[in-house]
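Same order as they appear, the protein sequences are chains X and B.
FYI, this note's numbering numbers position 65 of the first sequence as 72, with every residue one higher than the one before it.
FYI, this note's numbering numbers position 230 of the second sequence as 294, with every residue one higher than the one before it.
Hints listed in this document are in silico derivations from the structure and should not be mistaken for laboratory results.
Some hints could be false.
As the list claims (entries may be wrong) - List time: in silico DSBU-like cross-link candidates among lysine-lysine, alpha-carbon distance up to 35 Å:
#1 B:LYS66 <-> X:LYS17
#2 B:LYS98 <-> X:LYS24
#3 X:LYS24 <-> B:LYS66
#4 B:LYS236 <-> B:LYS246
#5 B:LYS236 <-> X:LYS17
#6 X:LYS17 <-> B:LYS113
#7 B:LYS113 <-> X:LYS82
#8 X:LYS17 <-> B:LYS246
#9 B:LYS183 <-> X:LYS24
#10 B:LYS183 <-> B:LYS236
#11 B:LYS113 <-> B:LYS98
#12 B:LYS98 <-> X:LYS82
#13 B:LYS119 <-> X:LYS82
#14 B:LYS66 <-> X:LYS84
Unchecked claim - Computed footprint of chain X on chain B, listed as stretches where at least three residues anywhere in the stretch have a Cβ under 8 Å from a Cβ of chain X:
#15 83–92
#16 119–126
#17 131–140
Computed from a prediction, not measured in an experiment: that's the story for all the values here.
Ideal Cβ placement from N, Cα and C applies to all residues, glycine included.
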Amino acid sequence: MNMRDEDILKAAEDWRKEGRGVALATVIETWGSAPRPTGSNLVIDNEGNFLGSVSGGCVEGAVVTEAIDVIDSGKPKVLEFGVADETAWKVGLSCGGTIRVYVEKVN
Amino acid sequence: MKIDMLQALNAERDARRAVVVVTDVESGAQRLVKAVDVEMDPLAEVLEKRLRMAKSGMEETAQGRVFVTVYVPSPQLVIIGAVHISQTLAPLGRMLDYDVTVVDPRTAFATEERFPNIKVIADWPDVALPPLNIDHYTAFVALTHDPKIDDPALLYALERDCFYIGALGSRKTHAKRLARLKEGGASDASLGRIHAPIGLAIGAVSPAEIAVSIMGEITQRLRVKADKAEAA
Numbered sequence: 008m009n010m011r012d013e014d015i016l017k018a019a020e021d022w023r024k025e026g027r028g029v030a031l032a033t034v035i036e037t038w039g040s041a042p043r044p045t046g047s048n049l050v051i052d053n054e055g056n057f058l059g060s061v062s063g064g065c066v067e068g069a070v071v072t073e074a075i076d077v078i079d080s081g082k083p084k085v086l087e088f089g090v091a092d093e094t095a096w097k098v099g100l101s102c103g104g105t106i107r108v109y110v111e112k113v114n
Numbered sequence: 065m066k067i068d069m070l071q072a073l074n075a076e077r078d079a080r081r082a083v084v085v086v087t088d089v090e091s092g093a094q095r096l097v098k099a100v101d102v103e104m105d106p107l108a109e110v111l112e113k114r115l116r117m118a119k120s121g122m123e124e125t126a127q128g129r130v131f132v133t134v135y136v137p138s139p140q141l142v143i144i145g146a147v148h149i150s151q152t153l154a155p156l157g158r159m160l161d162y163d164v165t166v167v168d169p170r171t172a173f174a175t176e177e178r179f180p181n182i183k184v185i186a187d188w189p190d191v192a193l194p195p196l197n198i199d200h201y202t203a204f205v206a207l208t209h210d211p212k213i214d215d216p217a218l219l220y221a222l223e224r225d226c227f228y229i230g231a232l233g234s235r236k237t238h239a240k241r242l243a244r245l246k247e248g249g250a251s252d253a254s255l256g257r258i259h260a261p262i263g264l265a266i267g268a269v270s271p272a273e274i275a276v277s278i279m280g281e282i283t284q285r286l287r288v289k290a291d292k293a294e295a296a
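Required output: the full structure, derived from the provided sequences and hints.
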């Protein structure tokens, strides 16, 4: 069974209530062929556990790393990921699109 | 996002009500707007349009660029008839993220054994349907072939704003059904909403294939309509 976004946001609430540090990542803009539509959510805790997706697997690893920073600092961030290109990007989207992801702390 | 806001967001979604979150991505400032409160919001026009399209996105406003996240209820699939087709249609709906309910007053059909992990209500439509909150985000299919069960269920659905209504039966069966439903008080316009023969024409033969053709047609209604609304 898929994880629905209701379940993802529910998990964010539950995790926070358990006392974990929690961040919410949301796809805010997409250009070209992007794997997940705007509004897609990824929930991350301070140990790197995550639910949901912002790209279908291409950049989640990088978002999780950044999210842990956001949980520490409390400051929201906008991340941008483009086409996979080893010289320009550490991670990228193999589908050829570009996405921007907003990462905020749940507090 | 503040935990109070997240809690309020989850509560609205549990109640199958649409909600919008407006975020200033520069400052992190954020507000939650329930669907019923949208008309009072400073961005009412923008939010109403996004709600209608069920589409999240960036918006230029007098107060700067904001991101509007639109949360609409998950689609639900209500199946009248715990029949062979339903045994594939119900889990298929679940895989596609629908809230699925199967209704059939015949207790021999409506068993947990035949529908593992699916919500099954072994009761008549007049009892089973009212608590289900049959709304705009509902696909409704009648599959029993028995007018005693299908007809009252269809009359109930036709009075509501379901995005899809389908009924099993040949053209001949359906013509007879339309005559009965008309006698039951349904208008010609509302009767035109019923998809029958049900499903996309993919030459489906087995019950499972018919389930696929029905789910294909429901998906088409859900998505193609949304795209057209966007183009308008």
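35 Å Cα cutoff - pair LYS113 (chain B), LYS98 (chain B): With a Cα-Cα distance of about 14 Å, the restraint between LYS113 (chain B) and LYS98 (chain B) holds, given a limit of 35 Å.
At a Cβ distance under 8 Å, does chain X reach at least three residues of the segment 119–126 of chain B? Answer holds; 4 residues pass the 8 Å Cβ test.
Taken at face value, is the distance from the CA of LYS66 (chain B) to the CA of LYS24 (chain X) at most 35 Å? With Cα atoms ~12 Å apart, LYS24 (chain X) and LYS66 (chain B) stay inside 35 Å; holds.
For LYS236 (chain B) and LYS17 (chain X), compute the direct alpha-carbon distance and say whether it is at most 35 Å. violated (48 Å)
Hey, LYS183 (chain B) versus LYS236 (chain B), does the alpha-carbon distance stay inside 35 Å? Distance of about 32 Å is within 35 Å: holds.
Distance restraint between LYS236 (chain B) and LYS246 (chain B), which requires alpha-carbon spacing of 35 Å or less: Measuring from Cα to Cα gives roughly 16 Å; hence the hint holds.
Is the Cα-Cα distance between LYS66 (chain B) and LYS84 (chain X) 35 Å or less? Since the Cα atoms of LYS66 (chain B) and LYS84 (chain X) sit roughly 16 Å apart, the hinted pair holds (cutoff 35 Å).
Report holds or violated for chain X covering the segment 131–140 of chain B, Cβ cut-off 8 Å, minimum 3 residues. Holds: 5 residues of the segment 131–140 of chain B have a Cβ under 8 Å from chain X.
For the pair supplied as a hint, LYS98 (chain B) and LYS82 (chain X), confirm whether the alpha-carbon distance does not exceed 35 Å. holds (26 Å)
Is the hinted pair LYS113 (chain B) and LYS82 (chain X) satisfied, with a Cα-Cα distance of at most 35 Å? holds (30 Å)
For the pair we were handed, LYS66 (chain B) and LYS17 (chain X), check the Cα-Cα distance against 35 Å. holds (14 Å)
Holds or violated: LYS17 (chain X) and LYS113 (chain B), Cα atoms, limit 35 Å. holds (26 Å)
Hints 5 and 8, counting from the list given before, are not met by this structure.
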